[in-house]
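Protein chains: 2
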Amino acid sequence: MNRNIKAVIEFDGSHFKGFQKQTKWGPTIQGVLEQAIGHTLQKKVKVYGCSRTDAGVHACDYTISFKTDNPIPAENLRRVTNKKLPLSIYIKQMDEADPEFHARHLAKQKYYIYKVLRGQRPPVFEHNYKYYFPEEADLKLMQQALDEFVGDHNFKAFSSKHTDVTDFSRSVHQAYLTEEGDELWFHFMGTGFVYHMLRIIVGTVLDVGAGKRDLLTIPEALETGDRSKRSKKVPAAGLYLKEVFY
Amino acid sequence: MNRNIKAVIEFDGSHFKGFQKQTKWGPTIQGVLEQAIGHTLQKKVKVYGCSRTDAGVHACDYTISFKTDNPIPAENLRRVTNKKLPLSIYIKQMDEADPEFHARHLAKQKYYIYKVLRGQRPPVFEHNYKYYFPEEADLKLMQQALDEFVGDHNFKAFSSKHTDVTDFSRSVHQAYLTEEGDELWFHFMGTGFVYHMLRIIVGTVLDVGAGKRDLLTIPEALETGDRSKRSKKVPAAGLYLKEVFY
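Residue numbers (our numbering), protein chains in the order written: chain A, 1 to 246; chain B, 1 to 246.
It is worth saying that the hints were derived from the structure and are not from the lab.
One or more of the hints may lead you astray.
Once the Cα atoms are required to be at most 30 Å apart in a straight line, the calculated DSBU-like pairs of lysine-lysine come out as [as the list claims (entries may be wrong)]:
(1) B:K17 to A:K21
(2) B:K242 to A:K232
(3) B:K161 to B:K6
(4) B:K92 to A:K84
Pulled a few chain A residues facing chain B out of the computed Cβ check, cut under 7 Å [claimed, not checked]:
(5) D12
(6) L85
(7) I91
(8) F125
(9) F133
(10) Y195
Simulated restraints, written as ranges between beta carbons of each label pair [to be verified]:
(11) B:E136 to A:G192: 27 to 33 Å
(12) B:N154 to A:A74: 23 to 29 Å
(13) B:K83 to A:T163: 44 to 50 Å
(14) A:A210 to B:D147: 40 to 46 Å
(15) B:K44 to A:Y195: 49 to 55 Å
(16) B:G26 to A:D147: 32 to 38 Å
(17) B:P123 to A:H105: 51 to 57 Å
(18) B:N70 to A:Y195: 50 to 56 Å
(19) B:P73 to A:P123: 24 to 30 Å
(20) B:D61 to A:T163: 55 to 61 Å
(21) A:G151 to B:Q20: 39 to 45 Å
(22) B:H39 to A:R121: 42 to 48 Å
Note that beta-carbon positions come from the ideal geometry of N, C-alpha and C, so glycine has one too.
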């Protein structure tokens, strides 16, 4: 196929079982995209995504790529396909890409944000988009806890028990907190993250901030790979894939 | 049963098939509430709601009532039940009520808001909570159109074809627009509304504002009951039951 297309999409993951197509029941972003783009192209298409995402996780600038022989201009393909997509998925941009571009294989760095709401209980309308944590939490202590994760580490202790990955070495480039009104945003930048890693890190850091866990358990967990030295994962609803860098 | 309880709840209707329990497939607010309250009371309970709502419609201060013999203090019942409810439903308040109180039968006036977003296309995360209408629309003309609906009218032309109601006489007490940032809010106050009536009215008024429909078709439709003289209904996502008055 002579064209390689790159697109940037945005999605509300609330009603989806994650990006990746599955044999199990439930709609996926990939499945819905392949249907809509394939319908416009009048031919089956295989869409590659920059990253797997869990059920309920959102994305702001998620990159996909796919190949086609159809000569339709990219902007027309984008516009026509957007009309077929549910309102929870939107193609923001679509362009010709180099023949060797691949959304997943060439992704160099991923930027995720986890949104935590503090203070007053949020209205029910926000429950799919942030995690509510009403407890007092020490920001400085949480930033110190986040600092422990930066660099090259074995993240086994911060992975799900239900992963089939065997190499837990990952490189976290940045991990920091910002205050955004009543919200606390956890920012993570890195080459890639193992299954549930960011949600487990946020759960652990919040516990440190709330005085329920000693900061020292983090380097211990990183060294030993002992999952009993970390906290439970926070819900998927607060997690956003913000951007992917190539 | 010697106690009558009144409660005010808030719900995100996005994932529900409306308030009212149905024989058809799909979760309803009533069904989920009866399960959670019944579990706390350790006995089956019948919950009455102030109003039917369509699938996808939200509520800010929705009143329910139910009877029980269980002596548990109302505030404890509220707290324990909230822990069993999904994050999309929240009981804001719960109190003892007079024995003759009934959430539906005694409702005197209902206040609904329909939220329309103008200007820039909203992020996908807002699609369940408002209706996006990017066209230019004349606010004064829309307010004039809304004025036509105030008072006692036969709303047959503004009802769904799929209703089994035969008496379409309803009384609209207030119908007005407010601008809230980038949003346009349609406010409706009345004794009650027939199936899809508010969503059809908003669709019609927006068409008048955008210059696609003559204002005069509204009094004509009200007089004749002719459904060809009104526009299509707007989506459920923008509609909120704001409050009920007794």
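Results for each hint:
Of the supplied pair hints, the one linking K17 (chain B) and K21 (chain A) holds, its CA atoms being roughly 27 Å apart against a limit of 30 Å. With a C-alpha separation of about 37 Å, the suggested pair K242 (chain B) and K232 (chain A) falls outside the 30 Å cut-off, and the hint is violated. For the proposed pair K161 (chain B) and K6 (chain B), the alpha carbon gap of about 34 Å is over 30 Å, so the pair is violated. Between K92 (chain B) and K84 (chain A) the CA atoms are separated by roughly 39 Å; this puts the pair beyond 30 Å, and the hint is violated.
Satisfaction of the interface hint for D12 (chain A) is found here, the shortest Cβ-Cβ separation to chain B being roughly 4 Å, below the 7 Å cut-off. Because the closest C-beta pair between L85 (chain A) and chain B is about 10 Å apart, greater than 7 Å, the hint is violated. Because the beta carbon of I91 (chain A) sits about 11 Å from the nearest beta carbon in chain B, more than 7 Å, this interface hint is broken. Because the smallest distance between the Cβ of F125 (chain A) and any Cβ of chain B comes to about 5 Å, under 7 Å, the interface hint for this residue holds.
Residue-level restraint check for F133 (chain A) is violated (minimum Cβ-Cβ distance to chain B is 13 Å; threshold 7 Å). Taking 7 Å as the C-beta contact cut-off toward chain B, the hint placing Y195 (chain A) at the interface is violated, the least distance being around 24 Å. At about 46 Å, the CB distance of E136 (chain B) to G192 (chain A) disagrees with the hint of 27 to 33 Å. Judged by the Cβ atoms, the range 23 to 29 Å given for N154 (chain B) and A74 (chain A) is violated: they are separated by roughly 52 Å.
At roughly 30 Å, the beta-carbon separation of K83 (chain B) and T163 (chain A) lies outside the given 44 to 50 Å, and the hint is violated. Separation of A210 (chain A) from D147 (chain B) is about 54 Å and departs from the stated range, judged on CB atoms against 40 to 46 Å. The hint said 49 to 55 Å for the Cβ distance between K44 (chain B) and Y195 (chain A), and at roughly 41 Å that hint is violated. In this structure the supplied range 32 to 38 Å is violated for G26 (chain B) paired with D147 (chain A), their Cβ-Cβ distance being about 47 Å.
Range check, P123 (chain B) to H105 (chain A): Cβ separation about 28 Å, and the 51 to 57 Å hint is violated. Remark: the range hint 50 to 56 Å for N70 (chain B) to Y195 (chain A) is contradicted by a beta-carbon distance near 44 Å. The given range of 24 to 30 Å is respected by P73 (chain B) and P123 (chain A), whose C-beta atoms sit roughly 26 Å from each other. For D61 (chain B) and T163 (chain A), the Cβ-Cβ distance of about 44 Å falls outside the hinted range of 55 to 61 Å, so the restraint is violated.
Taken as a hint, the range 39 to 45 Å is violated for the pair G151 (chain A) and Q20 (chain B), whose Cβ atoms sit roughly 56 Å apart. Taking the beta carbon of each, H39 (chain B) and R121 (chain A) are about 22 Å apart, not inside 42 to 48 Å as hinted.
The structure fails hints 2, 3, 4, 6, 7, 9, 10, 11, 12, 13, 14, 15, 16, 17, 18, 20, 21, 22 (numbered hints given earlier, in ascending order).
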